[in-house]
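Can you build the whole structure from these sequences, using the hints too?
Sequence lines, in order, name chains C and X.
Going by our numbering, the first sequence opens with residue 284, and the numbers climb by one from there.
Going by our numbering, the second sequence opens with residue 32, and the numbers climb by one from there.
Calculated directly from the structure, the hints in this document are not laboratory data.
Here the structure is a predicted model, which is why all the values come from computation and not from measurement.
Please note: incorrect hints may appear among the correct ones.
[As the list claims (entries may be wrong)] Negatives, chain C to chain X, calculated, CB over 10 Å: (1) Lys306; (2) Lys311; (3) Leu323; (4) Gln334; (5) Asp344; (6) Asp352; (7) Lys355; (8) Pro366; (9) Glu367; (10) Met374; (11) Gly378.
[Unchecked claim] Taking CB as the label site, the calculated pair distances span: (12) Lys203(X) <-> Pro325(C): 48 to 56 Å; (13) Glu351(C) <-> Leu225(X): 41 to 49 Å; (14) Met195(X) <-> Asp314(C): 26 to 34 Å; (15) Lys355(C) <-> Glu260(X): 38 to 46 Å; (16) Gly310(C) <-> Trp275(X): 28 to 36 Å; (17) Lys343(C) <-> Asp123(X): 36 to 44 Å; (18) Gly310(C) <-> Lys258(X): 51 to 59 Å; (19) Gly338(C) <-> Arg245(X): 44 to 52 Å.
[To be verified] 25 Å max Cα-Cα, derived DMTMM-like pairs, lysine to aspartate or glutamate: (20) Lys295(C) <-> Asp340(C); (21) Lys126(X) <-> Glu326(C); (22) Lys240(X) <-> Asp314(C); (23) Lys355(C) <-> Glu124(X); (24) Lys291(C) <-> Asp208(X); (25) Lys179(X) <-> Asp340(C); (26) Lys166(X) <-> Asp222(X); (27) Lys223(X) <-> Asp247(X); (28) Lys278(X) <-> Asp344(C); (29) Lys167(X) <-> Asp123(X).
Using N, Cα and C, we set each Cβ at its ideal position, and we do this for glycine too.
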Amino acid sequence: MVFEDYLKGIYKSKGGIIRSFLKVDKGKITDITFSGDFFLLPEDAIDLITQRLIGTDTEKDSIRYVVEDVYKTEKILSPGTTPEDFTRSIMQAIGGT
Amino acid sequence: MEEYRCIDFGKVDIRNMMAMNEAIHRCDEGNTLFFWAPTKSIILGYFQKAEVELDLTQCEEYTIVRRTSGGGIAFSDDLDRQINYGVVGTIDEDKFPLDIVESYQQICGILIDTLKEYGLNAAFRPINDVTVDNKKISGNAMTRRDGKTLQHGTLLLDFDIKEMLRISNIPKEKIMDKQIKSIEQGMTWMDKELGRKEDMETVKRKIRKNFEKRFDVNLVDSDPSKKEEAMARELLPKYQSDEWTYKR
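Dropping the structure here:
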């Protein structure tokens, strides 16, 4: 089984499927990665998103804030995929909505 | 009239081709249309993880590689009935617009014009698909660097759905006739639509001609430059490495 000991979330945005795999400890994300057929330019900004999410509270608003912030600073273009979509995939893994 | 290059790489190892793809994008040798015919291979989108998307125990005969652009798996079986193309162009708000969906629409338009010549009801489906009667016939992906767009994609002449399902990471007990039917309802290919096997070279010639018309340019048969070949050689170890292909 892939990413066996990870929490798994999946959300289908208009731009593609976002699968998230994460580990959580004491209300914070301790590890996270994504897989999916979405588009995001520049591509390597995905590493900044995951780096910044580590240590973030497992609260919807905190997660969305981090993703939105990286979108702004890196001038991310991702047709059909929004920070909200990433947040939904992650929150599904955490078990909230 | 403005001239762009047209390079036909023929049958190539997909790792060499992905290295060349990046080399053409990085070097500044002018706007280019290129074609290749892949050997049995699976190209993962930049954000896709092999172990998540594929049943790796079923993929031994396939060369697996990851590409620089996002999007989904490009799967090439040994039917050899797909046209794979790439376009590199300098972003200019006219031929290669900054807006990503507009840019897809412009290049996908060449495939649509070609399919329409065959009397097929082809259309652009945002964000990056070409459809016939609302069934996907072509998948496309785009990336950008240094003010240049690279778009590549596939036009299907034939396709083996069962084989695609076999290598996909979905529980095998779920691969039922029902699932195959539902995929069949969502995608199509030229042989099926035309009820005959069209010659691939003829389709490529039409694509070429429609490219010239739409972009108002002459395409000149070319080979990759020395600089591009050198860069492709330099990039090849990356595409051959597990670190790149199976990155977690």
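Provide an ascending list of the numbers of those earlier hints which the structure does not satisfy. 3, 12, 22, 24, 25, 27, 28, 29
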